[in-house]
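If you read the sequences in order, they're chains W and Y.
Numbering-wise (the working numbering), the first sequence opens with residue 1265 and increments by one.
Numbering-wise (the working numbering), the second sequence opens with residue 107 and increments by one.
Please note: incorrect hints may appear among the correct ones.
To be verified - Capping the alpha-carbon separation at 27 angstroms, the derived lysine-lysine pairs in DSSO-like fashion look like this:
| # | chain 1 | residue 1 | chain 2 | residue 2 |
| --- | --- | --- | --- | --- |
| 1 | W | Lys1455 | Y | Lys184 |
| 2 | Y | Lys187 | W | Lys1455 |
| 3 | W | Lys1455 | Y | Lys176 |
| 4 | Y | Lys184 | W | Lys1458 |
| 5 | W | Lys1288 | Y | Lys184 |
| 6 | W | Lys1419 | W | Lys1466 |
| 7 | W | Lys1288 | W | Lys1465 |
| 8 | Y | Lys176 | W | Lys1458 |
| 9 | W | Lys1352 | Y | Lys114 |
| 10 | W | Lys1288 | W | Lys1458 |
| 11 | W | Lys1288 | Y | Lys176 |
| 12 | Y | Lys114 | W | Lys1455 |
| 13 | Y | Lys176 | W | Lys1352 |
| 14 | W | Lys1465 | W | Lys1455 |
| 15 | W | Lys1458 | Y | Lys187 |
To be verified - Label-pair distances were calculated between CB atoms; the ranges are:
| # | chain 1 | residue 1 | chain 2 | residue 2 | range |
| --- | --- | --- | --- | --- | --- |
| 16 | W | Arg1349 | Y | Lys184 | 19 to 27 angstroms |
| 17 | Y | Lys138 | W | Asp1477 | 48 to 56 angstroms |
| 18 | W | Glu1284 | Y | Gln111 | 31 to 39 angstroms |
| 19 | Y | Leu189 | W | His1484 | 18 to 26 angstroms |
| 20 | Y | Arg156 | W | Ala1359 | 40 to 48 angstroms |
| 21 | Y | Ala134 | W | Asp1434 | 50 to 58 angstroms |
| 22 | Y | Glu127 | W | Arg1349 | 14 to 22 angstroms |
| 23 | Y | Arg130 | W | Ala1285 | 20 to 28 angstroms |
| 24 | W | Asp1311 | Y | Lys138 | 47 to 55 angstroms |
| 25 | Y | Thr160 | W | His1484 | 23 to 31 angstroms |
| 26 | W | Glu1289 | Y | Leu189 | 29 to 37 angstroms |
| 27 | Y | Arg128 | W | Arg1478 | 42 to 50 angstroms |
| 28 | Y | Gly139 | W | Arg1478 | 42 to 50 angstroms |
Source of the hints: derived by calculation from the structure; they are not laboratory data.
Owing to the predicted nature of the structure, the values given are computational and were not obtained by experimental measurement.
All C-beta atoms in this analysis are idealised placements derived from N, C-alpha and C, irrespective of residue type, glycine included.
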Amino acid sequence: MPIVFACAASHAPGMTAWTEAAPKEQAEHFLGNYRKLGASLAAAKPDAIVALTVEHWANFFLNNMPAFCIGRADHYDGPIEEWLRIPKGRVPGDAPLAAALIDACLDGGFDPTFSDELLLDHATYLPLHFLNPDMTVPVVPVIINTLTPPMPTAKRCFAFGQFLGKVLQDIPKRIAMIATGGLSHWPGEAKHGKINVPFDKKFLNNLIARDLDRLTAYSHNEINAEAGSGGHEIRTWIALAGAVETWQAELLAYEPVVPWATGCGLVAFNP
Amino acid sequence: MSLYQLQKLIYHVNRDAAQRERYRQDPAAFVKGYELSEAESAALLNVDVRMLYTMGVHSLLLRPFTLLNKISNEDYAKALKGLE
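The task is simple: from the sequences and hints, build the whole structure.
If you want it as structure tokens, here you go:
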């Protein structure tokens, strides 16, 4: 079955933890579009969501930090943050789908780790709260290390996404793909609150223009300097651009929300 | 300095509800389970944001940890004022 839905979305914890700190118009515009994307996802009737996502020290530490990890659990609990103002819950996993992806990767030249137990933090649980609000569609988290260097390159993330996209074409399930993270932000740093609007707009334009050469050329140092430590999460968006390579990206919302300390983007991909 | 241990402690408190409870019940006893310097233990027990940040605690460990300790966005920003 083909991929039936794809979108990329930011996941700033302030969206739920301190929603009202944001200017009302910005918050309503952004979160309203987030919920609309959730309705589009439901309308596509996916059997499973493959989430190209990240984590913030929810599962992995410096003793063992995978570049890519595919979740193969039957369910995932989250969010780990008790201050996020999202009720604790559980979302089903899709272990057979995850196993098929892992097998295909190892046969096809990618070597992700796999995990039968992952906790979800706001990176995955917050997007699911808007996109899969009843937590009924099973999820396969595909975690990319965007947290601590060295990280996989943009080029490698694109290739990994492209590979997953091809594998999913042959899986007899309707798949929704989501990418979460970014855009520019410096979470918890002395520069917390800074947003690089020109960087974000250029990145979104590159995505819309399907400038694959440019998307795969983002270097670690460039992202770090221009988009901050949180900006590394654009690797998930770049991976999604690989997964649905021929689809057209459509910008639904971009809001540099200072109280959420993040350049917040929402992009739908249409076949 | 044992930044690795300091960050590991915070990682455990942030991610694991049972460990978080143990930390909350008796922080001084909890930190003894990690190989920390005196300065690190003190910074941790005082939730000294500026010191923990300066010691190199990753910002995505430090901010969630300070949120658990009810440090507001304003106070967090104030604590880091003037740092790079």
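Structure-based check of each hint:
| no. | hint | verdict |
| --- | --- | --- |
| 1 | W:Lys1455 x Y:Lys184 | holds, 12 angstroms |
| 2 | Y:Lys187 x W:Lys1455 | holds, 9 angstroms |
| 3 | W:Lys1455 x Y:Lys176 | holds, 20 angstroms |
| 4 | Y:Lys184 x W:Lys1458 | holds, 15 angstroms |
| 5 | W:Lys1288 x Y:Lys184 | holds, 25 angstroms |
| 6 | W:Lys1419 x W:Lys1466 | holds, 18 angstroms |
| 7 | W:Lys1288 x W:Lys1465 | holds, 22 angstroms |
| 8 | Y:Lys176 x W:Lys1458 | holds, 23 angstroms |
| 9 | W:Lys1352 x Y:Lys114 | holds, 24 angstroms |
| 10 | W:Lys1288 x W:Lys1458 | holds, 20 angstroms |
| 11 | W:Lys1288 x Y:Lys176 | holds, 24 angstroms |
| 12 | Y:Lys114 x W:Lys1455 | holds, 24 angstroms |
| 13 | Y:Lys176 x W:Lys1352 | holds, 19 angstroms |
| 14 | W:Lys1465 x W:Lys1455 | holds, 20 angstroms |
| 15 | W:Lys1458 x Y:Lys187 | holds, 14 angstroms |
| 16 | W:Arg1349 x Y:Lys184: 19 to 27 angstroms | holds, 23 angstroms |
| 17 | Y:Lys138 x W:Asp1477: 48 to 56 angstroms | holds, 54 angstroms |
| 18 | W:Glu1284 x Y:Gln111: 31 to 39 angstroms | holds, 38 angstroms |
| 19 | Y:Leu189 x W:His1484: 18 to 26 angstroms | holds, 23 angstroms |
| 20 | Y:Arg156 x W:Ala1359: 40 to 48 angstroms | holds, 45 angstroms |
| 21 | Y:Ala134 x W:Asp1434: 50 to 58 angstroms | holds, 57 angstroms |
| 22 | Y:Glu127 x W:Arg1349: 14 to 22 angstroms | holds, 20 angstroms |
| 23 | Y:Arg130 x W:Ala1285: 20 to 28 angstroms | holds, 26 angstroms |
| 24 | W:Asp1311 x Y:Lys138: 47 to 55 angstroms | holds, 49 angstroms |
| 25 | Y:Thr160 x W:His1484: 23 to 31 angstroms | holds, 24 angstroms |
| 26 | W:Glu1289 x Y:Leu189: 29 to 37 angstroms | holds, 32 angstroms |
| 27 | Y:Arg128 x W:Arg1478: 42 to 50 angstroms | holds, 49 angstroms |
| 28 | Y:Gly139 x W:Arg1478: 42 to 50 angstroms | holds, 48 angstroms |
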